[in-house]
Every structure is written in structure tokens, then in C-alpha cells.
Amino acid sequence: LILNEGALPLLVALLRAGTKMCKSNAAGTIARLAVDARLAVGEGALPLIVALLGAGTEMGKSNAAGAISWFAKDAPTRALITEAGALPILIKLISPSRTCSPARSDGNPGENTCLALQNIAVNARSRKL
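Sequential numbering from 310 applies to the sequence shown in the numbering used here.
Hints should not be assumed to be uniformly reliable.
Unchecked claim - Pairs of lysine-lysine residues, derived as BS3-like cross-links and limited to a Cα-Cα distance of at most 30 Å, are as follows: (1) 329 with 401; (2) 382 with 401; (3) 329 with 382.
To be verified - So the derived label-pair ranges between C-beta atoms look like this: (4) 341 with 427: 27 to 33 Å; (5) 314 with 347: 17 to 23 Å; (6) 397 with 322: 22 to 28 Å.
Read the hints as simulated data drawn from the structure, not as lab findings.
Quick caveat, the model's predicted, so the values are computed rather than measured.
For every residue, glycine included, the Cβ atom is placed at its ideal position computed from N, Cα and C.
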């Protein structure tokens, strides 16, 4: 229903020009709406989400990693995620303090980062040395 009402282009516009909080919330909403990753990627969301992953607030990074984890469930989109430069950023977000700590309310991106990498790893090219 939300997608049918035209929310996706508006959310992508918030990713492009919103405040840090708006970008974070837009990425989180896109993650939860990402039943069709190709639709979100087609709207231009992927490079904006990768940018948020690298330079957002902790909550923004968490929401961006969550969106990428949903996008990576779609086989054709996995390669696009890699091409967009998400892998090095996701790997930089892995640390014991982020991935092994209990759930926190401050937007710890650790769990979503690991889930995103897990879903991307389904693509054999992503696992190569």
C-alpha cells in the first residue's frame, strides 16, 4: 500500500537531500519496504544508501546496512551492491564492539552489517580472495 501511494521516490529524495535523521529514517523505511529490491535500486536508492552506510550516524549506518541486507536477498541486486562499493564499507563496520554487543537503542549497525554480508556472500564472486 505504501509503495502504491508513491512513497518510494519521496523516500529516495529524502536520502538525497534530507537531514541526517531524515536519511536514516528513509533508509530504515526502504529496508522495511524492500520487497522488490530492483524497484528500490531502480529509483536510485542504492548509491545513496551506500553513502549513508559510510558517512551516516550510527542509526543511519544500521538502517543502511539493513536496507542492503534486504536488497542482497535478490540475486541480480547482489552484484550491484558489490559494484556500488558497499563491501569495503560493510567490512569496516565489523568490530567486536559493534557485532558482539547486546542490542542497543543507539543504532548499533553490527547485526545488520553481518546480515548484509551474509546475504551478499550467497554470490560466489563476493567470497573470492
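Results for each hint:
1. 329 with 401: holds, 20 Å
2. 382 with 401: holds, 21 Å
3. 329 with 382: holds, 26 Å
4. 341 with 427: 27 to 33 Å: violated, 18 Å
5. 314 with 347: 17 to 23 Å: Cβ of residue 314 to Cβ of residue 347: about 19 Å, so the range 17 to 23 Å holds.
6. 397 with 322: 22 to 28 Å: Check passed, 27 Å falls within 22 to 28 Å.
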